[in-house]
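Engineer: These are the residues of each chain, in order.
2 protein chains.
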Amino acid sequence: MEKPSFEKKLSKNYRNIPPSFVRNILNVAENKQFISFAGGLPNPELFPANEIRESANAVLKESAGKILQYAGSMGYYPLRDWIAKRYANKYSMNISADQVVITNGSQQAIDILARLFIDHGDGVVIEKPSYLGAIQALSAYRPEFCQVDLEEDGANLWQVEDWFLKDDLKLMYAVPNAQNPSGISYSASKRKHLAELLKTYDKFLIEDDPYNEIYFEHCFPAPVKKYATNNVAWTGSFSKMIAPGLRNGWVILPDELVPHFDKAKQSTDLNPNNLTQFVIQHYLTNNDLEKHLQAVQKKYNEQYQAMQEAINRFFPGDVSCTTPSGGMFTWLTLPAGISSVDLVQETMKKGVVFVPGNSFYTDGSGQEHIRLNFSNAHLPEIEKGIKIIASELKKMMVSVC
Amino acid sequence: MEKPSFEKKLSKNYRNIPPSFVRNILNVAENKQFISFAGGLPNPELFPANEIRESANAVLKESAGKILQYAGSMGYYPLRDWIAKRYANKYSMNISADQVVITNGSQQAIDILARLFIDHGDGVVIEKPSYLGAIQALSAYRPEFCQVDLEEDGANLWQVEDWFLKDDLKLMYAVPNAQNPSGISYSASKRKHLAELLKTYDKFLIEDDPYNEIYFEHCFPAPVKKYATNNVAWTGSFSKMIAPGLRNGWVILPDELVPHFDKAKQSTDLNPNNLTQFVIQHYLTNNDLEKHLQAVQKKYNEQYQAMQEAINRFFPGDVSCTTPSGGMFTWLTLPAGISSVDLVQETMKKGVVFVPGNSFYTDGSGQEHIRLNFSNAHLPEIEKGIKIIASELKKMMVSVC
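Residue numbers (numbering that gives the first Met the number 0), protein chains in the order written: chain A, 0 to 400; chain B, 0 to 400.
Careful, some of the hints might be misleading.
Note that identical chains are pooled: a pair holds if it fits in a single copy or bridges any two copies.
[What the hints assert, rightly or not] Listed below are the simulated EDC-like cross-link pairs for lysine to aspartate or glutamate, each with C-alpha atoms no more than 20 Å apart in a straight line:
{"hint": "1", "residue 1": "Lys60", "residue 2": "Glu50"}
{"hint": "2", "residue 1": "Lys8", "residue 2": "Asp261"}
{"hint": "3", "residue 1": "Lys349", "residue 2": "Glu382"}
{"hint": "4", "residue 1": "Lys11", "residue 2": "Glu143"}
{"hint": "5", "residue 1": "Lys11", "residue 2": "Asp118"}
{"hint": "6", "residue 1": "Lys349", "residue 2": "Asp362"}
{"hint": "7", "residue 1": "Lys7", "residue 2": "Asp254"}
{"hint": "8", "residue 1": "Lys7", "residue 2": "Asp118"}
{"hint": "9", "residue 1": "Lys11", "residue 2": "Asp121"}
{"hint": "10", "residue 1": "Lys65", "residue 2": "Glu53"}
{"hint": "11", "residue 1": "Lys191", "residue 2": "Glu150"}
Everything labelled a hint here was simulated from the structure, so no lab data went into it.
Turn these sequences into a full structure, and let the hints steer you where they fit.
Structural biologist: Structural data, given as structure tokens:
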């Protein structure tokens with residue numbers, strides 16, 4: 000009996016999901032002790048391991064019966080309430096726990112929002128470049144991607160408005176704070192302007208915000224959600240704030256959307272992980288979160304500064320870079336004619352890996368860019384790795400001339 | 000500014016998901032101290048709470064760095080290996096850890112398999128009745144449901160074969176062990192026959208098996224997977240074996256399907272919850288699982304026997320019921336002309352709740368059936384609750400005459 004060939008049976012939606020170069024390259028990098036600027040891993044030295052263990056012990060002593068049983072699909076109420084209060088307070092917004100749903104990282108929120116809104120062929124406005132995980136999640140519903148340029152202060156809103164004129168376009172996806180991959184943040188005025196456009200044209204924004212708490216000097220401006228609350232789903236994540244292995248994030252929704260999101264979510268996995276929800280809620284209410292966050296912010300700033308310094312020192316002058324004010328990534332533009340896909344092949348021979356820019360575009364362009372993660376390498380490795388990339392780049396520039 | 004109306008923006012796929020009467024009724028039941036036969040909750044007295052706490056403490060001492068970081072999307076290798084070895088051994092099958100993927104309960108496996116295979120309009124063979132969570136997950140991809148009768152020894156395979164003649168039908172969904180809602184299990188010979196049909200017609204089966212370890216007297220026969228390994232994805236779950244709040248299940252896939260499943264899964268939530276995977280693996284390798292499972296099996300059998308006895312005692316003779324050999328549910332057929340939807344309205348006034356049968360059909364039929372869960376009520380409650388349902392039923396029968 001021949002094996003069935005699955006290729007021809009797979010759904011059109013599935014076949015539209017692009018592969019993750021990041022995941023593929025991570026498998027290589029993890030096996031071989033590379034200096035890796037490729038992943039998007041938080042610095043594990045900053046994980047509050049002892050505190051998490053104490054919290055796990057405490058909640059399993061107090062609430063094992065609840066933790067171990069099935070639970071509501073919206074998530075653990077005290078945790079949803081903590082989230083609502085923190086961000087209502089931080090940005091002077093009206094947010095209630097009833098609008099907060101706990102998800103498996105903010106990734107699941109993106110997937111479920113895509114499921115809720117996208118019919119095959121619907122337009123989705125997306126930044127150029129954009130977060131690869133979102134491109135994958137959205138692609139699984141076969142939208143038409145409507146790309147807009149990402150400028151130093153956020154998306155080009157003229158282009159956004161042009162797309163918003165289309166009737167069969169419902170959705171925009173954006174990461175206004177310290178975007179992955181570019182490190183770019185929206186200015187306060189662009190946030191307000193985008194909110195006006197959303198309301199005027201009756202469009203919906205997925206405002207993906209996993210890096211909200213990871214800023215270097217100044218807290219990020221208020222989210223677009225604040226100025227167009229019924230037109231925005233605003234996600235957040237404990238992955239960068241505490242630890243990604245706990246796999247808990249959230250989304251803050253317009254009231255009217257909550258029951259729909261909840262029903263769509265039930266069909267995917269019934270309810271979020273109880274143990275980690277209880278652990279996180281206990282951790283947040285029994286520890287000094289601000290102190291922890293300050294340590295993360297300080298460390299990531301140090302790592303970023305070390306990378307920026309090395310870039311300035313080793314790279315040729317015609318390489319330009321963004322100036323992130325937080326997050327975990329910086330973004331380079333190579334001199335004309337140099338492909339980052341070729342470059343990474345060379346640097347991997349020398350034990351250094353990063354992600355070529357085209358992974359973050361929906362149209363295959365972007366080879367002139369590279370994404371560099373700075374949160375998961377020691378300072379000496381950062382200097383050494385950047386030096387190697389610069390040296391390989393210079394060799395390629397000579398051969399191009 | 001008017002609120003945007005989401006109704007008209009929601010995707011066709013989303014709008015095809017039926018609501019969960021079970022979830023809705025559970026919200027009512029939980030609030031009001033009902034005697035509930037409605038949910039599908041394991042008995043919380045059987046959760047190994049202390050052992051789970053010890054395991055959480057141990058793994059967070061030993062492996063916090065790994066647990067708290069992002070991880071592979073396939074899941075924790077030692078846990079996948081444990082699953083492969085247990086079921087290879089139990090049924091003399093060839094299963095390797097590379098074919099096992101950890102999911103958020105088996106529910107997520109169903110959702111991802113549906114995503115992989117179903118294009119709008121594709122036929123999906125489904126038992127009548129079937130598991131509501133699967134109906135919801137599959138509906139989100141807008142298949143044509145092709146119903147087959149569920150007989151005392153499993154699906155009617157003549158009907159299955161008739162449907163398999165269709166070209167645009169790729170998939171069947173079935174729960175061959177102690178099915179939710181009916182409690183019915185497939186005979187060994189029907190499993191083998193179904194395997195032959197799958198191979199002959201080159202169709203694919205989602206063999207959903209959350210109750211595999213929850214049998215009363217005899218272990219369930221080998222799965223369909225054993226006889227048609229390349230045509231079957233076989234799911235399992237720790238929800239009934241240990242505790243559902245840990246939200247970990249798995250799926251065992253044909254080799255060729257693994258990378259596709261993995262990619263589709265990445266786009267939904269990146270990777271499964273690390274903490275609970277490590278906790279479960281530690282629990283399984285440091286405790287006497289067989290002793291725990293025997294306690295669960297004994298307790299559920301007691302609860303089932305109490306329910307069956309009460310049914311025999313209080314219900315009129317023209318109510319028939321299935322004879323589950325495991326699992327958590329039994330299934331009644333009411334006398335002609337009586338609607339379980341009307342009946343539950345009456346029993347709820349008396350503080351007893353169950354799920355009317357039509358929730359488990361894709362065509363709205365099934366009102367003559369009721370699903371009774373026996374795993375989450377104390378023995379005296381079981382007797383009292385069944386007595387109340389029988390009494391309300393008798394009143395309705397009088398008024399029908």
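Engineer: Checking an output row: Lys11 and Asp121, CA cutoff 20 Å. Within, between, both or neither?
Structural biologist: both (15 Å within a copy, 12 Å between copies)
Engineer: Is it within, between, both or neither when you check Lys60 against Glu50 at 20 Å Cα-Cα?
Structural biologist: Classified as both: same-chain Cα gap 15 Å, cross-chain 11 Å, threshold 20 Å.
Engineer: Is it within a copy, between copies, both, or neither that the alpha carbon of Lys11 lies no farther than 20 Å from that of Asp118?
Structural biologist: Answer is both; intra-copy 13 Å and inter-copy 7 Å each pass.
Engineer: Regarding Lys8 and Asp261, is the shortest C-alpha distance of 20 Å or less found within a copy, between copies, in both, or in neither?
Structural biologist: between (30 Å within a copy, 16 Å between copies)
Engineer: When Cα atoms must be at most 20 Å apart, do Lys191 and Glu150 count as within-copy, between-copy, both, or neither?
Structural biologist: Result: close within a single copy only, 16 Å intra versus 61 Å inter.
Engineer: Give the relationship of Lys349 and Asp362 under a CA distance limit of 20 Å: within one copy only, between copies only, both, or neither.
Structural biologist: neither (30 Å within a copy, 62 Å between copies)
Engineer: Within a copy, between copies, both or neither: which one fits Lys349 and Glu382 at a CA-CA cutoff of 20 Å?
Structural biologist: within (14 Å within a copy, 73 Å between copies)
Engineer: One pair to classify: Lys7 and Asp118, alpha carbons no more than 20 Å apart. Within, between, both, or neither?
Structural biologist: Answer is between: at 12 Å across copies they meet the 20 Å cutoff, but 22 Å inside does not.
Engineer: Please work out whether the CA atoms of Lys7 and Asp254 approach to 20 Å or closer within one copy, between two copies, in both situations, or in neither?
Structural biologist: between (41 Å within a copy, 16 Å between copies)
Engineer: Between copies, within a copy, both or neither: which fits Lys11 and Glu143 at Cα up to 20 Å?
Structural biologist: Both: 14 Å inside a chain and 16 Å across chains, each within 20 Å.
Engineer: Since the copies are identical, ignore which copy is meant and state whether Lys65 and Glu53 lie within 20 Å (CA to CA) inside a copy, between copies, both or neither.
Structural biologist: Both: 18 Å inside a chain and 17 Å across chains, each within 20 Å.
In summary, the structure is inconsistent with hint 6 from the numbered list given earlier, while agreeing with all the others.
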